[in-house]
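K.L.:
Protein chains in written order, with the numbering used here: chain A, 1 to 448; chain B, 1 to 335.
Derived from the structure by calculation, the hints contain no laboratory data. Do not take every clue at face value.
Result set (SDA-like, lysine to any residue): computed pairs, CA atoms no more than 25 Å apart in a straight line [unchecked claim]:
1. A/K418 x A/R390
2. A/K359 x A/K418
3. A/K359 x B/E208
4. A/K310 x B/G81
5. B/K223 x A/D289
6. A/K170 x A/K418
7. B/K223 x A/L279
8. B/K223 x A/I316
Residue strings, one per chain:
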Amino acid sequence: MRLSHITKRFGTNVAVDDVSLAFAPGEIVGLVGENGAGKTTLMSIAAGELAADEGTIDDRTSAGIVHQHFLLVSEFTIAENLALAMWGRDADAIIRDSGIALRDVHRRVADISVGEKAKLELIKAVARHPRFLILDEPTSVLAPAEARELFVVMRQLAANGTTVVFISHKIPEVLEVATRVVVMRRGRIVADGGTMTASELAEAMVERRQVERRQQVERRSDSPVRQTAAVNRTGESDLRLPMLQLEEGLGVHAGEIVAIIGVAGNGQSELAASLRDSLRGHVAHIPEDRARDGLIAEMTIAENIALAEKRWRPRIAAKTASALIERFDIRAQSPLQRAGSLSGGNQQKVILARELERKPEIIVAAEPSRGLDIEATRFVHDELRAAATRGAAILLITSDLDEAFALGDAIHVIYRGKLSDRLTPAEAAERAPQLMAGVERRESGVGA
Amino acid sequence: MSGKLRVPISVSRIGIAVIAATTAIAGLALCGIAFGRSPGELLAILAGGSIGSSFALQGTLLKSVPLLLTGLSVAVAFRAGVWNIGGEGQFLVGALGAFLGARYGVIASLMAAVVAGAIWASIATAMRLWRNAPEVLTTILLNFIAIHLLGYAVNGPLQEVGGKYPQSDAVPARASLPLLGNLELHAGVVIAVLVAVAAWYLLYQTAEGLRLRATGFNRSAAKWAGVNVDGQLIRAMAISGAMAGLAGGIELLGVTHRLFERFAAGYGYAGIAVALLAQLHPLGTIASALFFGALTTGAGELQRTAGISSMVATLAQAIVILAMIAFMRRSKTSS
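Only chain A is shown next, with the shape it has when bound in the complex:
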């Protein structure tokens, strides 16, 4: 299979940018890169699930793809799910042929473990005998032992001449199983080769950021250290990874912005949710999932803003909202417009207006500029900086490194629910790639 000059755009965003790539039978290709680097898009095109805007595919072979999210019917048994995929064949025979161990096909999928579900998806794909098999983040839900089992299957498939593409951002695993590694960044291939060290890979994956010290605003140096949170919780997420094990308090001083960066799914959402439930006092929250948690779409802008206030007087609320629409430059016809009818950027501005107008002492902002255009992003950043200047302690949780370096006075990297030491932006620029990929063990003595 050979991909030539593949380009794919989503709106103005170029997901895959003029990529050419050839695959040989029997290869295990590790495809790595940050979130949004274009890995999944490229492979969906290779599998024929997406059409490329430009470019050609030669020698297309039968391709199978195992998605990151399960496509299984929970209420059905393993055998029934296999029957949906391959009607008329005996479930036990399919499993035996695949070489993957999965016992008792009469169990309901709802009752089996996440690792077994991943295996079942793999069996479904392997049963069609593809010559080209794509596994999208297959180990993200697996325990280490299960991952090793998966690698054995991958090697068997490769030995039989199948090309296996293994999409991942876990560098140690990629180095363990792949015979060739391809690194993508911002829609392009930036490295391709057989022998790379973990450090080289991490460097290639994560662009080095130039650290520009932003203008040091006048800080109240005498302000006491304000603990925004002392979270000590061992939780299990749906992914069965031990998420969020923050042994010590996470400290944020008044007037300071502390950024938490990391690959999505390493405990950021759990951290934000636990801070929402545990922080008391004058706290503002900017939720990560704007569509679900941001605004009440059915209610008006005025009503949404008033949710943060103790009193509700419709007329006064409409006046307040009008003033905020003006100040935050929200493109709305009236404060009585339904919030759901606003564009994404304007919805985010309404959230900011509601949360920041109260002059909070602590702000927890998760992905505050996700999906916003440049102008709106700048606006969000200016507001957060202004809040810090005013003396608020700000915790910024973001997967956008540019944002973290543009705003953060200090940076923590979160990996598998654990925070790194407190890093200065300069230190973070140096070490973030390794820390984010989990190839550098945590060292002590760098903290604040």
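Mind docking chain B on chain A? Use the hints.
P.N.:
This is chain B only, laid out in the frame that chain A set:
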């Protein structure tokens, strides 16, 4: 400017309700053919029996009182995102409470009805918070418990002194609701309208109502905005149960004066149709309750003069519910 934006929305909502109500009436009229009557004749009987005379009109108003209160009960719960299908049970328990409190006078009796209904509904909330049991199931099961509780009461401890029928003695005269002037109407009519206005004020003019509605629309977003979602649910359900309980109390003290099996006669379930037709708006519920009240009294007249079962009123309720759900689904998917 704000007026311009809001008018079309409310006009279209009223339009939907009118269409649904008309559909129900048209469905009923067509049913008349099955009984060998012309649709026109049927409509004439319906109209005459419900609004045709002062007597009929008073009957309609009396039927509308419990419908208005159970409708408001459903509307408040649904607004908070809770499927309270337990109006029937809360109505019965409210009547039981009112009966027990009757010896202390009409005010105490009504208070007892309110408290009993609130507690009965709160059992469902408690099960939700304790074991995440869905209210759709718990409230409907609580209905059956309430029905049998009443059955036991009127066959056992609360049975009339004579012990002849499965019913209670009449409540003392001083616990009866006073009549309005020289009409057949009791003071419950005024109470019900006041409760409707209070419900409107609560939902749209107070912070409590704002948060209650936010919780109903999007629990997750409400939580992020700092709303204590559990607290909202507890209070919304208690208020909802209190309204249905009050309906039962008023029915006892104003109309029947006795408890008996089948006391609720479907008022609790009818409240769902009333609330849906009003699109969960408290003031709309007044109009909606009057419509269903008229339908019920009109259906009674149908049974007496044309020999058509008054169950057709239930049929009309069903048509309204289905029509409203169809419209709501459409407006939700198109927006």
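K.L.:
It remains to establish, for every hint, whether it holds in the given structure.
P.N.:
Quick rundown of the hints versus the structure:
no. : hint            : result
1   : A/K418 x A/R390 : violated, 30 Å
2   : A/K359 x A/K418 : violated, 30 Å
3   : A/K359 x B/E208 : holds, 23 Å
4   : A/K310 x B/G81  : holds, 22 Å
5   : B/K223 x A/D289 : holds, 13 Å
6   : A/K170 x A/K418 : holds, 15 Å
7   : B/K223 x A/L279 : holds, 13 Å
8   : B/K223 x A/I316 : holds, 24 Å
The structure does not agree with the numbered hints 1, 2 stated previously, though it agrees with the rest.
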